[in-house]
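Asks: Order-wise, the sequence lines are chains A and B.
Residues in the first sequence are numbered consecutively from 1, following our numbering.
Residues in the second sequence are numbered consecutively from 385, following our numbering.
Calculated directly from the structure, the hints in this document are not laboratory data.
Heads up, some of the hints might be wrong.
Residues from chain A that face chain B, not an exhaustive set, calculated with beta carbons under 7 Å [to be verified]: (1) N2; (2) A62; (3) H63; (4) I67; (5) H75; (6) V81; (7) E82; (8) S83; (9) A97; (10) G129; (11) S237.
Remember, it's a predicted structure, so these values are computed and weren't measured experimentally.
Glycine included, C-beta positions come from ideal geometry on N, C-alpha and C.
Letter by letter, the chains look like this.
2 protein chains.
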Amino acid sequence: MNSDIRLIGYGQTRFGELWDMGIRDLMEEAADAAISSAPITALDIDMIIVSNMLAEITNGQAHLSAIASSLLPHHPPALRVESACGSGAFALHTACAMLESGRARNVLVIGAEKMTDVSNDIVSSALMGAADAEQERPAGLTFPGIFGMIAQRYMHEYGLSRAALSLVSAVHHRNACGNSFAQFRTEVTPDDVSGSAPVADPLRLLDCSPISDGAAACVLSTDKESPVRIAASQIASDSLSIVDRPVLTSFSATKDAAERSLAEAEVKLKDIRIVETHDCFSIAALINLEDLGFADPGGGIRFYRNAYEGQTAAHRSPGEGGALGVNMSGGLKGCGHPVGATGIKQIIDVAKRLRETGERYGLAHNFGGACATCGVHVLEHSPS
Amino acid sequence: MNSDIRLIGYGQTRFGELWDMGIRDLMEEAADAAISSAPITALDIDMIIVSNMLAEITNGQAHLSAIASSLLPHHPPALRVESACGSGAFALHTACAMLESGRARNVLVIGAEKMTDVSNDIVSSALMGAADAEQERPAGLTFPGIFGMIAQRYMHEYGLSRAALSLVSAVHHRNACGNSFAQFRTEVTPDDVSGSAPVADPLRLLDCSPISDGAAACVLSTDKESPVRIAASQIASDSLSIVDRPVLTSFSATKDAAERSLAEAEVKLKDIRIVETHDCFSIAALINLEDLGFADPGGGIRFYRNAYEGQTAAHRSPGEGGALGVNMSGGLKGCGHPVGATGIKQIIDVAKRLRETGERYGLAHNFGGACATCGVHVLEHSPS
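Please take these sequences and the hints and turn them into a complete structure.
Replies: In structure tokens:
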């Protein structure tokens with residue numbers, strides 16, 4: 001990092017079907033929570049970055065930057081960043097650049113999505129905007145279809161069974177039970193997952209993150225102290241359409257952003273102890289752990305086997321460094337996935353877990369589409 | 385500016401009803417033109433910022449960052465910035481911060497909008513996303529309605545006649561005749577404007593910028609030389625809804641961004657000789673000239689009277705500094721207004737005009753909604 005950027009405040013709404021809240025209410029609740037947890041007043045915020053994907057369609061509302069600015073008494077400059085479901089990480093990256101450039105000293109980043117005001121047909125079609133409207137949409141693909149094909153190929157290549165894949169959502173649901181902001185605080189068994197309604201073979205309903213409302217916000221600062229700093233912020237891109245990719249079972253944008261993040265943070269992979277990764281579908285969690293370097297290709301399931309067998313989190317094998325907590329918040333599956341909010345919520349969960357455990361390094365991994373765009377942040381915790 | 389940021393390349397598509405081009409084609413043509421005009425290759429681009437407002441609705445395509453990245457062989461990191469019709473200025477501001485932060489050395493900024501693939505009803509509704517979906521949309525307002533009310537109030541307050549207001553579009557159309565990229569290269573008389581179809585009283589069809597397709601792109605660099613640099617980049621916000629404003633006939637975000645821009649560029653208003661300003665509706669051009677400081681409240685029309693009376697541009701009065709060229713490109717009315725592209729196209733037109741005339745300073749003024757968000761850039765030209 002070119003500056004010392006601290007995470008000085010954060011907060012979020014509950015994620016779920018929040019029938020009594022609009023997009024503005026969601027943004028306001030998260031922003032208030034973030035600012036009131038920080039050692040500043042609202043008037044110290046000198047820029048706002050908004051992360052949102054769908055509000056034009058789901059809320060008839062573009063220009064969320066202006067709404068965000070109106071939430072604070074002094075109307076600070078604001079802009080919106082969109083990179084599909086990875087918007088949160090890209091908003092954080094933009095906030096870091098604003099701080100590093102010296103154009104701001106306290107940036108409020110708000111991620112928000114209000115998805116339940118429209119029918120499932122409309123929101124599914126809107127989400128398909130994250131894929132290629134010329135190459136993929138005309139083929140009839142939706143995101144469950146894209147990740148279904150990815151899962152098919154992965155199972156073929158690595159011999160992963162349907163029963164094993166079901167461990168992923170079972171672990172995420174169990175983890176979510178301890179998170180009061182999570183949409184699903186209910187345990188499901190692997191058999192529940194395998195036996196849930198087919199969506200896009202081999203994926204079942206319980207392999208898929210849900211449609212959610214929610215907002216999360218944080219304050220990044222070069223001005224105030226905090227035990228948690230942003231040690232790295234990196235973004236990367238890949239081809240939008242999976243048609244143009246040499247392989248389906250690995251996402252090059254993750255590898256690229258992760259590699260640059262570790263270099264920027266000057267940290268070794270084995271020192272990362274907390275990870276929040278983008279499990280929009282169960283299969284993605286396995287691929288992500290492999291692309292991030294925590295497992296060999298095909299080996300991601302080992303984390304979930306270990307976690308399911310009596311432990312509360314996915315763990316590294318002995319000899320590979322200390323325990324690794326993966327999606328201890330419940331991930332996208334357990335917490336819900338209000339798409340623009342997810343990347344910000346991941347940062348909050350990594351920071352909370354670092355402070356709870358006293359661990360030093362955590363990583364948040366957020367992507368858009370089938371990882372056509374990817375953002376990775378490394379957080380460093382230095383207890384005072 | 386915290387860094388020396390040069391405008392090293394630029395290019396655009398024609399603006400208009402481009403039936404044979406999709407959003408990707410538009411982005412590609414503008415990007416190619418910008419890169420090929422710069423002293424770099426595509427591989428030197430290390431980040432892309434995309435400006436777009438409507439593609440989710442008009443093209444079924446979010447995630448334009450990934451499409452932009454796919455246009456270049458090495459898939460550089462990319463993100464999209466949205467601030468309604470002011471998206472272009474906000475994308476440029478983000479690009480400046482990326483360069484100042486040291487995270488990039490050559491940033492490609494692409495503004496694009498493809499508006500004609502859907503019906504006027506859909507595009508009008510989508511554009512209304514730039515206003516307040518809770519306070520303004522339920523009242524039945526559209527943007528012509530909002531600016532119609534603003535024009536009513538302005539005419540009441542300053543005694544502006546309908547015939548005088550018609551000079552604005554007449555001048556912009558005449559200026560556009562010299563611009564091969566403009567949508568309307570046809571002269572209209574003030575009587576044509578006054579006699580055109582009523583849209584939202586007192587505004588007539590020829591007071592309104594059109595629905596357009598188009599893209600514009602530029603390359604900003606801290607790495608390469610160019611006679612044109614970005615001397616200031618400032619953004620500002622106001623309340624989204626006009627309901628929350630103390631006055632309708634002046635836009636505080638313009639004043640705020642303009643004042644900070646002049647301070648950042650260390651330039652006096654009288655030294656600005658070229659202006660591109662956001663005339664989404666004729667009345668806006670008058671308000672903008674006043675808010676930018678080039679005229680007293682109610683006095684903006686003088687520029688257009690002078691311009692219409694035999695000169696090719698709006699001019700300062702004697703004693704107020706040298707001649708001032710306003711919207712010499714034709715502005716939004718003459719050139720067309722593909723909303724995400726407009727802010728980038730303004731920068732290009734200011735740069736071109738500075739190079740043609742040998743003048744030193746120019747200013748681009750781009751806003752979103754009824755100036756709920758506003759971006760101002762000052763360009764400095766130093767002929768070698």
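Asks: For each hint, tell me whether it holds in the structure or not.
Replies: So, going through the hints one by one against the coordinates:
| no. | hint | in the structure |
| --- | --- | --- |
| 1 | N2 | holds (5 Å) |
| 2 | A62 | holds (4 Å) |
| 3 | H63 | holds (4 Å) |
| 4 | I67 | holds (6 Å) |
| 5 | H75 | holds (5 Å) |
| 6 | V81 | holds (6 Å) |
| 7 | E82 | holds (5 Å) |
| 8 | S83 | holds (5 Å) |
| 9 | A97 | holds (4 Å) |
| 10 | G129 | holds (4 Å) |
| 11 | S237 | holds (4 Å) |
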